[in-house]
Structures are given as C-alpha cells and as structure tokens.
Amino acid sequence: LKEFTDRALNLAQVRGATYADIRIVRRQTQNITVKNGVVEGLSDNESQGFGVRVVVDGAWGFASSAHLAPEEVDRVTALAVQIAGASALFRTGHVRLGPAISHVGTFRTPVQIDPWEVSLAEKTGLLLQADEGLRATPGVRVASSSLAFWRENKTFANSEGAFLEQEIVETGGGIEATAVDPERGEVQKRSYPNSFGRDQRQEGWEAILAMDLPSHAPRIGEEAVALLRADPCPSGVTTLILGPTQLALQVHESCGHPIELDRVFGTEASYAGTSFLTPEKYGSFRYGSEIVNMTADATIPGGLGTFGWDDEGVPAQRVPIVREGVFCGYLSSRETIEQLREILGDRAPQASGGAMRADGWNRIPIIRMTNVNLEPGTWTFDDLVADTEDGIYMEMNKSWSIDDKRLNFQFGTEVAYEIKGGKMGRLLKNATYTGLTPQFWGSCDAICNADHWQVWGTPNCGKGQPGQVAHTGHGTAPARFRNVQVGVIG
Amino acid sequence: MVGEQRIRAISDGILALSSADQTEVVVLANDSALTRFANSTIHQNVAETDCEVRIRVVLGQRIGVATTNNLEEVALAEALNKALAIARLQPENPDFQSLPGPLPIPEVRSFSEATAHCTPETRARGAGAICLLAREAGVVASGALTTGVLEIAVANSLGTFAYFATTQADVNTVIMSDDSAGYAEALALDVNHLDFEAVGREAIEKCQRSRGPRPLEPGEYPVILEPYAVQDFLQMMTYTGFSAVALQEGRSFMVGKIGQPIVDERISIWDDGLDPDGLPLPFDFEGVPKQRVDLIDKGVARGVVYDSYRAGKEEGRRSTGHALPAPNTFGPFPLNLFFAGGDASLDDMIRSTERGLYVTRFHYTRPVEPKQVIVTGMTRDGTFLIEKGEITYPVKNLRFTQGYLEALNHVERIGREPRLLSAMGGLACQRVPALQLSRFRFTGATEF
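Line by line, the protein sequences are chains C and F. The opening residue of the first sequence carries number 21 in our numbering; numbering runs sequentially from there. The opening residue of the second sequence carries number 133 in our numbering; numbering runs sequentially from there.
In short, the hints are calculated from the structure, not lab data. Bear in mind the structure is a predicted one, so any value in this text is a computation, not a measurement. Worth double-checking, as some hints may not be accurate.
Claimed, not checked - As a list, the in silico BS3-like pairs of lysine-lysine whose alpha-carbon atoms are at most 30 Å apart:
no., chain 1, residue 1, chain 2, residue 2
1, C, 301, F, 520
2, F, 389, C, 449
3, F, 445, F, 389
Said to hold, decoys possible - Far from chain F by the CB rule (all over 10 Å, computed), these chain C residues:
no., residue
4, 158
5, 403
6, 445
What the hints assert, rightly or not - If the Cβ cut is set under 10 Å, some of the chain F residues that face chain C in the computed set are:
no., residue
7, 154
8, 214
9, 444
For each residue, glycine too, the CB sits at the ideal point set by N, CA and C.
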C-alpha cells in the first residue's frame, strides 16, 4: 500500500499542497437480525476505498474514491488539490496544524475469538434461542434480537512521514421485547444489554458469549409486559438514581458533545450546534459537584473509542475533562488545539488530544468522542439505594433530546422503580427527567465504585455533513442526583 | 457517473453467474460533493465517488445479502458467493414469498446537467455568496452546499431491470450573532435554481430580528410554525406510523384507525414519488414502480406504505413501491412526502394571533410516546413572541413536549406556500406548508 500512499502524497505536494494525508480503508461488516422467530436480515458487507486530504494555499480539500488504482489515485489527488484551491477563494485565515506528526506503527484490537470464524449457524441459533425466550411471555408482540460484527483495516500516511496501520474489530449484540396492549393502544419495550439494538465492544465473539443473550431473554419479555400494567412515573422534583446505561447516554450527550472543540469553535453550528463550554470556561468553570471526575480515554481495552492513533496520526491518550467538578479538557484536533492556544496561550494543551476520527474512506476526520467516562466513586449500589429515602431509579434510554449548546436536556428511560425508605419499590413506566447540564451534574452526590463501573458502546453517534456515524465508548457506574424534575410527558 | 450500460453489464454478469432460485442486484452509484462553511469561511470541502453493488439471493425461502463496492469481476463473484453461503446456512423465512416480477416503470425526469457537472469553484462561489453577505452584516455564517448525482438500478432474475439517474443540489445555512441565530435552506434538482443570496438574506434577517432574546415562561401557547418546523411532524409520523411494519406490529398510531378521522379535516398527507413538485424517483429498491399513497386524506387515516415482503403478510396486498435496500428490517418507507397547503400567508397567521409564539425550526426532536406521537425537542434559530397581531420580541429557546396528532387537531390555518425540503440526509424530500395551531405545549426553557 505504501506505493499508493507515496504516489498520492508526492503528487499532492507537486501540485502545491503544503500538507497531505491519505487513508486507505477496508471495512467489513456482518449484521444479523431475528424478529419473531424469523431471520429477517442477514448481510455481509464490504466497502473499501481511499481519501486524500490536502492543505493548499492555507485551505482544506478532500476527495475520495472506491476505486483503488494508480490512475484513480492521481485523479482523486488532483481533485483534492483543486477543491482546496476553491476553498481558498473565500478563506479568512490559514490552516495551522502545529508540530509535525510522523509516527510509524501498527495497532490491532486484541481478539480472543474472531467473530468471522464463528459459523452462521451458531450465530443464528443463538438469536433464535433468545427470540424464543423473549416470546415466552404472552403479550410480547415483537421480539427482536441482533448481532453486528465490524472489522476495519486502515492505512494512514501523511506528508510529514507518518505511516500507520490499524485493525479495529468490534462485536455487538442485543435483544428487545415490545409489548402491546391493543385495548389501550399502549406500547412498551425492554432491551438488554442496551437499548436501540445492542451494546458493542472492541472484542471478538467472546463479547457475545459474555452477554449470554438467551438467559436474559425471558426476563426482558416479562418486564416489557409488566410495564403495560405499571403505574406511570409521577411528576415532580425528587432524588434520581441513574443506572449505568442511561448514565452512559447522559455522559455522551451532556459531556461528550459539548467538549468537542470543533463545536466550540462553531464549525458544527449549522448542523449539530455549538457548545456552552466556551474557552474562557477552561480550567475554572464548575461543571459538576466535587465528586464528578470525567476523562476522554482512547486507551481503554474494549472501548469503542479505543485505537492506536487517531485519523490524523496522533497517538491515543487519556485526557482529563472534568477534575473534581471543574471543567479542564476538550476533545481536540491538530488544527483546533492551535486555535485554542491562540486564545489561551500556554494554559492550553501543547498538542492535539487525538480525537480526529473518520467514518470510513469517504469521510474526512472530524472531532469525535473517544471513550468519555464518568470515573468511579466510592459507593456500592446497595448502599446507595439504602441511603436514599425517597426517589426514583431510572435505567436504559428510551428517548433523548438536548439543545444545540448541550444545556437543556430531557431524557426518557425504558424502566424505572420507585425508591422508598431505602428500598426499591413499584415498577414505573414512561419515566422522563429534565434539567440543565451544569445544575444536573452539580447535584450529583454519590457515584458507585469501580466494581459497578463498565464501558458501554454507542455505535450510532451521528455528526457532520455529509453525515458520519462514530462508535464511542462510555464508562459509567450508577450515580445519584438530587432535586431533579421527573415525569414530563406532555 | 457509471452509466446505465455498465451497470446493466454488472448486473447481467451477476445474474448469469448466480445459482440461486431468485437473485436481485441493486446498484447505487454516487458522485457527490459538499462544501461546508463556518465562521463565514469554507472549512470543509469534500468529494466522493462510490458504487455499491448489493446482491440478494433466494434459495427456497432462505435469503442472503452481500454488498461490495469493488467492481472487479472476482470481487463481484465473491460477493455473490457470500450471499449464497449466507442463504444456505440460515433457516427458511416462511413469510417471504418472492422477489417482485418486472413491472412497467413510469417515465419521470429528475436530472440536471448543471448539477451533475458542478465544479468546486461553483460550489465555493455559492457558499462564498452567503459568507460575504454575513460578513457585510456583521454576523457569522455556517452551512453546507451539496451537489450530487445518484444512479439507482435494480435488476432481478425474474426480468426486472430499472435504471434511474437523479441529481440534487441543496444549501442550508445558520447565521449567528453573539446572542441570536437564523436559518434558511433550499433544495432543487438544478444547482442553478438555488438562489444563494436569497437563502443568506432570509437567515441573516431572522438572525438580526432574534437579537436580544428574552426569557419566556414555558406553558401552553398558540404557535405559528414555519415549514422547517412542520417538517418534523412528517418525519416523526413517518418513523412512528406511516410504514406497514409499524402497523403490522401494532406500534403505529394508525392501528385500528384506518378509515377514521385522526386529525383536522383540512390535513392531507400523501407520498408520491412521481410528482415533479418533489424530487421524483420512479421505482423503489426492489424495482417496483412508485404509487401515490394517501396516508391521511382530509383528516382521515387512509393507509400506509408497503414493500413486497410486508405486502406478502396481508392477503391480497401488493407493494406500493416503498422498499428500502435489502435486507431491510426497518420496513417500507415513504421518501417523497407531501403535506397539502392551505390558503393563509404567514402574515395572515401573525395578524390573527392575539398572543402566541412564532417558531422557525425544531432541534433534536425525539418521540417520547410513539402511539400518540408525543415528541420532545427544542426550538432553534429564531423564536418570537407575537402580541396583538405583531411579532413583538425574540424569546430564548424553549423545550416542547407535545403530541403531534393532538396538535394537528388544533389547526387554525395552513400556509399557502409549501416548501420543498430535504430529509433523511438527502435521501428523501418533503413538501410542507407553515401551520398555525391554537395550542402547543412548551415544557422547559434554556439559557439562550
């Protein structure tokens, strides 16, 4: 492949690029869906191609193609240079990338059992077994279970001397039961191990074995039907304990996105929005209570935001984001860290935190979450519930909405339980809670310990134009929040 | 562009090689470019050339799908073999009946040479026009301008071959000041039909009028919704109820309501892939010609859209031409929606409002309860208070939690100028009017 990368980088520089990089990417995916006893979808997919990114006359250009051949490399490189020239027609400043990046190396996801070596019969058999368990409870109208496998091989090279080869393997799976009450026209659903299809990890087939979908299926079916008969979540201000997967979503939306430095600098304004965490807040803004510590860590084994180097060739890092409640870090790129340094000087980090990730060969890298985590606290879950006189426990996301600066949010969960006198009580349905990000995290007074802490995978984070889907990780343990508005249903 | 001749050769080659009982080849060739601007300058500028070949094989009632974008003969044969291996190794799907046979495809045109051959410089000048207007006005522009050609072909072993090439050009912009924002967008087949300066002026004017927003107590207010906001009604009703899969699984708000009034009698919503007022697409991803489907007619629930698999689950039902590419567990989907216009202007609506809110656009909306289409989301890019028939001042953004069906039962007026808007990241389009509703529930507020 070096022949192709050298060809593109040389031609780009000959045509006037002051910086160039190329990524050659081959992505294989396999998706299996079983619904109500039938294999409804089973596909094996492969996409390959390359993308060339250049800076010409201080402006960016990018072109990509699925056809990996020498003459196409020439055409695409020339097009990238032409596009950069067009960008320069209306530029107001020059792209600055800071110190050169010239790492050489390889990275591979450690995998115990290659998911492509497991037979389709075993995979569909497992899902059909889970499907049967989901439908064991009368009232389950739709049983759905799925597996997803992903392998991406990518080669990155830049005009500064970097040459990196990486293989990322991901494995995901999940089950979902939908119960319908035709009399009242009501629909409820329960999922395992996470909602919206699956949890996903940078592991092999061993991740699916650990989920043990069939043994959880009967319980998920029963809970979906039980929700039809449950009381609705009351409306009011109360103490809220969030379970681990809902907390992963809370971290993703209210911490992960607002710390993206491209949002902060307005380059996502037209689509996803901007951020309330503006540069003057860096290092001093009280984001949460003193027990709240958050990190962006691209080195955690199993996390979907784990890699060797990002798509600018910057090494994976662990970046502090919130320390003892104070906002202290961003997700950054080479260009945005230079912009931050212009504002903050030496108070800003010296180099990119390594968060540039592209969704395949045909997309440019943009700032994406790695593994953005709420660090564990000191409580056991049982002690946390026992210490809560009156409140609600909510778990597993059902709906999520947040404003374009990431302040006002309203989230709903699949399931909730009343807490009275330090004990879990009746099941509640249609639970929602709402708040403003800093006030919410400021009300956090207890976080469970490392024994309860797990990294969850979010394989569906959308951002950018043209649209890109990123796979991000979030480590969380259950946590408690005081004085939260719950039960907004409209 | 790959071209019909080469695509036909690719699909013929795969069909000839296949040992399956039935075989389908879907080719999606994409040549697109996007110029993105922010801080009133171009910061991302990208182009893509791709061609995906999607092979579905049927062995009895066992189905396998494989895709590749490598067009070499060896790679295509490998993809076919993968699809066959998948089909062999899975249980039969008793609900599957057959791939659709060949049907006459209506002739529609949806192609612009100017869009197909749009240069990076033309796109830069379009984006630049908006950036320059913003700089002159002392505000900041961000947005994206896309041009592209999409070729779609469907061939199958029953004799179907359908090919269509379409172009699309769209531009959207958010204009921001220190404390306000405005939005505008436009969509056309022909990039020369996009008036970049008009789009820029609309958003700049909205941004300027939004300056100095004041807080407003959440609560129930009459509202005027611009088409950008009304589009969300179509998107949410599509996700929760307009597909046969939602109806058959009992999840749709249409369950048990077909033939009954569900919204105001002035509301009509339909899907029509052949209407030149949209962006026509004459057949679906199974090669079935698009039919007009009346979803809601004069307030009465009339039906949902079908693909061949979902139609096969109902006696006597046929596909309406709304399949997505296989394997499609998401179900059939309406890609060309129309919301009937009325006779009111935005000025009529404002003049007739004693006290209410004017909303430009919604942001990050999500269904809270699908059966009643209860949705939560935020206002964005220009929200105003109306008092005594006039817009009095901008207000800070509000969160709403509102049943959309309920809202469509409180219609005061419907706009007379529906706008064509892009949906699903450019895969779909919707023509929608403005709406005046007598009540809409705002449940929270934010700080800007």
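A quick look at each hint next to the structure:
1. 301/C / 520/F: Measuring from Cα to Cα gives roughly 41 Å; hence the hint is violated.
2. 389/F / 449/C: holds, 25 Å
3. 445/F / 389/F: holds, 19 Å
4. 158: It holds; residue 158/C is separated from chain F by about 14 Å at its closest Cβ, greater than 10 Å.
5. 403: holds, 33 Å
6. 445: Residue 445/C clear of chain F: closest Cβ-Cβ about 23 Å, beyond 10 Å.
7. 154: Violated, because the Cβ-Cβ distance from residue 154/F to chain C comes to roughly 16 Å (cut-off 10 Å).
8. 214: Since the shortest Cβ distance to chain C is 5 Å, the answer is holds.
9. 444: Result: violated, 12 Å to nearest chain C Cβ.
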